[in-house]
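Using the hints, position chains Y and A against chain B.
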Amino acid sequence: MTLSSQPADDAEPLAKPIVSLKSVTKRFPGIVANDSISIDFFPGEVHVLLGENGAGKSTLVSMLSGLQQPSEGSIAVDGTEMPIASPQKALSLGIGTVFQHSMLVPSLTLIDNVNLGGSWWKTPDREAIAKRMEETALSIGVEVNPAAITSSLSLGEQQQAEIVRALMRGSRFLILDEATAMLTPKDAEKLGQLMRRLVAQGLAVIFITHKLNEAVAYGDRISVLRLGRKVGALGPDELKSLGPEAATKEIIRLMFGSNGNQAAETTRAAGSARPLVTATDPLLEILALEVDDDSVPVTGIELKIGAGEIVGIAGIDGNGQKQLSEALAGQRPVKNGRIYLDGQPIEDLPIGARRHRGLRYVTDDRLGEGTVGAFPVSINLLLKQIGEAPFWRSGIEQGGAIAENARKQVKDYDIRTPDIETPAGKLSGGNIQKLLLARELTGSARAVIFAKPTYGLDLNNIAASRRRIREAADGGKAVIVLSTELDELIELSDRIAVMSQGRIVGIVENDGDARQKIGEFMSGVAA
Amino acid sequence: MSVEVQDPSADGQAAAKNNGLASRRLLTDRLQLIGLSIGPLVAAILVASLILIAMGVNPVDYYTYIVNRGLLSPSGIEATLTRMGPLLLIAAGLIVAFRAGIWNLGGDAQFLLGASVVAALAPVLTGYMPVWLVLIVTLVIGAIIGALWSLVPALLRARQGVNEIITTMMMSFLGISFSNVLVKIFFLDPATNVPQTRTLPVEDRLPRLFDTTISSGVLIGLVAILIVHYVMAKTAFGLKLKIVGANAKAAVHAGLSVSALTIGVFAISAGFSGLSGAVAVLGQYGNVRADWNPAYTLTIVPLVFLARFNGFATIAYVFLFSVLSIGSESAARRLGVPNYFTLVTMAILLILLGITEMLDQKRRESRRT
Amino acid sequence: MTLLTAAFLTALLAGAITAGIPLLLAGLGEQLSEKTGVLNIGIEGMMLAGAYLGFLVAWKTDSVFLGFVGGAGGGMLVAAIMALLCVRFGLNQIVIGIALTLGAEGATAMLHYFQFAQTYPRLGAISSLPIPLLADIPVLGPALFNRPPIVYIALLLVAVFAYVYRKTYWGIALQAAGDKPAALDSSGVSVLGIRSVAVLLTGALVGLGGGFMAIVGAGIFVPFMTNGNGFIGIVLAMLARGRPLWVLGGAALFGACLSLTTALQVAGVDIPTDVIQMLPFAAVMGVLVMLGRKANLPSALGAAYVRGAR
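Protein chains in written order, with the numbering used here: chain B, 1 to 527; chain Y, 528 to 896; chain A, 897 to 1206.
Just so you know, the hints here were simulated from the structure itself, not pulled from any lab data. All values derive from a computational prediction rather than experimental measurement. Please note that a few of the clues may not be correct.
Unchecked claim - In the DSBU-like style, the derived pairs of lysine-lysine whose C-alpha atoms are separated by at most 35 angstroms in a straight line are: (1) B:K240 x B:K211; (2) B:K89 x A:K1063; (3) Y:K711 x B:K384; (4) B:K190 x B:K211; (5) A:K1063 x B:K131; (6) B:K16 x B:K249; (7) B:K211 x B:K249; (8) B:K426 x Y:K711; (9) Y:K776 x B:K211.
If we strip away everything but chain B, and leave its shape as in the complex, we get:
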């Protein structure tokens, strides 16, 4: 155990950092995931890295844990610059990582998971390891059953085991990547307390999250990332002097940008210029909907959306949004409940029949399921109409009609492509989204579900996508927008529902203090 070798030095508040990032930049084809980020991590502190999806948190983690190398800049450990060339190197430097997705081998016991790196010819002394594991667990106040097969444990238990494993390997710098994302609130709270105990023993803990309340509750120091850049930080003194409420406000300002309120102001004006149509019968009605899922089962969804209305669904990623939208679109069986479109039940209809009734789904997994990357734009525009006239007659392709349709949509939706025969996978993210919008919004659309419609897009395309959504509502369609971007929902929606743990925990009218109310629902304050 190396815990005692790094005593928490309370007298000297700014002890030397264990690990420092020095203008670290990481590029991937087409994107800059981290843009010259500098952060110091100190022992005895929970350092929260806060940011929305795509802010660059995970990339940062993979560089610290030796899975990836910075494109520019460097990382210093104990004041000396050194490349973390491999996961092995990271471990030997005392950097332990608990990844968002479990890094335990499901078919092995916890004991054997501790042993992944042992000398190959030796026989592990399983009893001794189990004992050491129990002791380590005890020292940080958790309980583990070393002999349990990993796959039989809950995610929370697996995570605790991973933390214990990291400590057994001599970690003094512990990275918890989105550690609470998959946990129940109770388990998340336990983890928070565990983090406090760990730093009390002198470890440095990096806690990556996008939940504000957790950041404020457990963090000693908070760095906020946005679009790959570090946009602000709050030190221990600031956090203390501000108090939880003011700190939360300040962080929201940093996370969503200082012009967030302003933008909401102007667009709400635009929104209210549209006639509100809550009086008419709902076009899309969801009653007591339940959807089965291993990780996030969805229950008790009740929503009524009128023609011309936009209902936003806010929430942190992974709280059942995907399950809900797939169930609505027909890609996932509905366990219980009803979905009415134009007064007709559709929950038992297959995907194609729902589409015929006018239900459309703009998926956020644009490359994974929305398009077939190797196929031309023209075919991708008709992916959901294969075999239908006039594009196919007696099952035979009508090249002229297909090309005509493609040319029209490329023009109408401003899809920038060299040619209608260009493989869809070669287009930029923004243009693929335009392709999906063109496919889903044309024809007899009645109700449209948009999943994270601007995720990963640049500013121009964000604006274009939002305009399309507004136009769809103006054209009398019922619209659901699922998004993790609060600004977006405030800009677009008439009402906003907040989703958490597979349920809708609250619905607010989009008026002056919607942002705050949603924030409360999201952070669990109001729940």
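Below, chains Y and A without anything else, positioned relative to chain B:
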């Protein structure tokens, strides 16, 4: 994150320029595709030549001899074309399966069972109906038998997600033995001492083309490949299969019934293998001997990959392969290069194909960066 | 039943072992590859290479021991290509597996042809090593305990692998490489290293099995003599789901079926061998139909490992 801001007035020019660029890019893409297809072939011939040199055989002599015997001599070209029939049918079945992302490696049993059932039925049926009808009926039966033999793997894959490589391979072993049982016990020709089915008289077989010994089976094969090519390229059904193969998640998203399509693909693919067995019997062999198994499937796999599932390219490669195998059978006797050399060539071809694919992928990745 | 004489039973059992040992070695080998996530379709080729080289070395040196070394070496030679192409470069394991099988079929047949033309020289009989006392048990003794040492070694390997899988760090790493390679990688163990070693060892085991077929089983080398034994090994490994003892059981079942056919023919019962050859495959398909998805395989089976691939 880059922001795409474009001067709207520049759009027109850009579009015009884009058009020129696009057609040029399309051309280079085509050329690359051809290169990816022919490159490994040329490389494989070079490697094979080196091996020939190591064996003390002049590669130029060897390949000249093969071309002479397999292509230029009348009996050679006739044998080559006759052999192409069953091979093309197997290739057609593999194209359908691979396009849909399904590994039907059970072709040998589907072929053999089709062949032995047809070999047993045809001589009997000729007593009851005209020859043309017998031929049609038995061809259909061959296809149905093949398709039936894929039913269990198809259901396991579609309903339970069980890996079809294992199941088709097992059904292949099972079917090869089963076919032997059928031939040795039930379909045995009592008139001969050799365990084999009754032999279909030459006049009751598939008609020969013109005044040659070329079986019209080659026409069936050609038609099958062309139909598959057309269906894959031009019809809604083919497009659906390709979507299932290229991106199964997108297929679900688009509302396609993946499990029904999967079963359909198995039936078509195995049906072609069964039909191939029928054509081999009705056009070429006239009977099935016990323990006969030409094991065509695994050798056709690389050809179909080389052709990148394109029908015309497949015809070309199957033709080349037939020339090679017919020619090498003669070469074995004359030049002392055993027949087995073809197998080595095919292996080299497959490996080079894999390497080309990898290099191409690396190149594309680096271009994107 | 007049069939059930001691001599008949001895011959049956002895035959089952002779037919079963190559299957056992192939199954153990494939199991090792599959444990680490490599679907090794090429073992038929490795087996044939082992049979050829094993025979050649034994024939040239007149040493059975060196023959087995040659057999293992032949298998490893083919396995090295597989490790390079599939593990290191991540090429499609099925395509390369087929290629290696085709290539080994052609190459061994050709080499044999050049060396021996159309003759099939025969190796001398192998001396056996009777185990004291046990060899005197009627029926069981001569069939099981009066055999060449390689038989005992092969059977011992079952215990060795059972021990390795359950008791050593290496066993843990093997399982992790197939089940969650990223976890192994993040623990600082090279996934590609573990897999390469496993594939090479697979080649050695399978090659030894091929060598056994040629040296002990047949005493000669005939082109294509493995005749699908490698593929049966794949099936055994898939059904055994990581347990060496199950491979042994499966090999015994298949071996007994193969031996029964010959034994019955010798005894004058005329059933085509094919009927009995069908049985194990039919049984396996039956199991698959009943178990369906539950026939669990390593989750990363067949997938090349690329660090941080998204």
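For this session: Please name the hints from earlier in the document that this structure breaks, with their numbers sorted from lowest to highest.
Result: 3, 8
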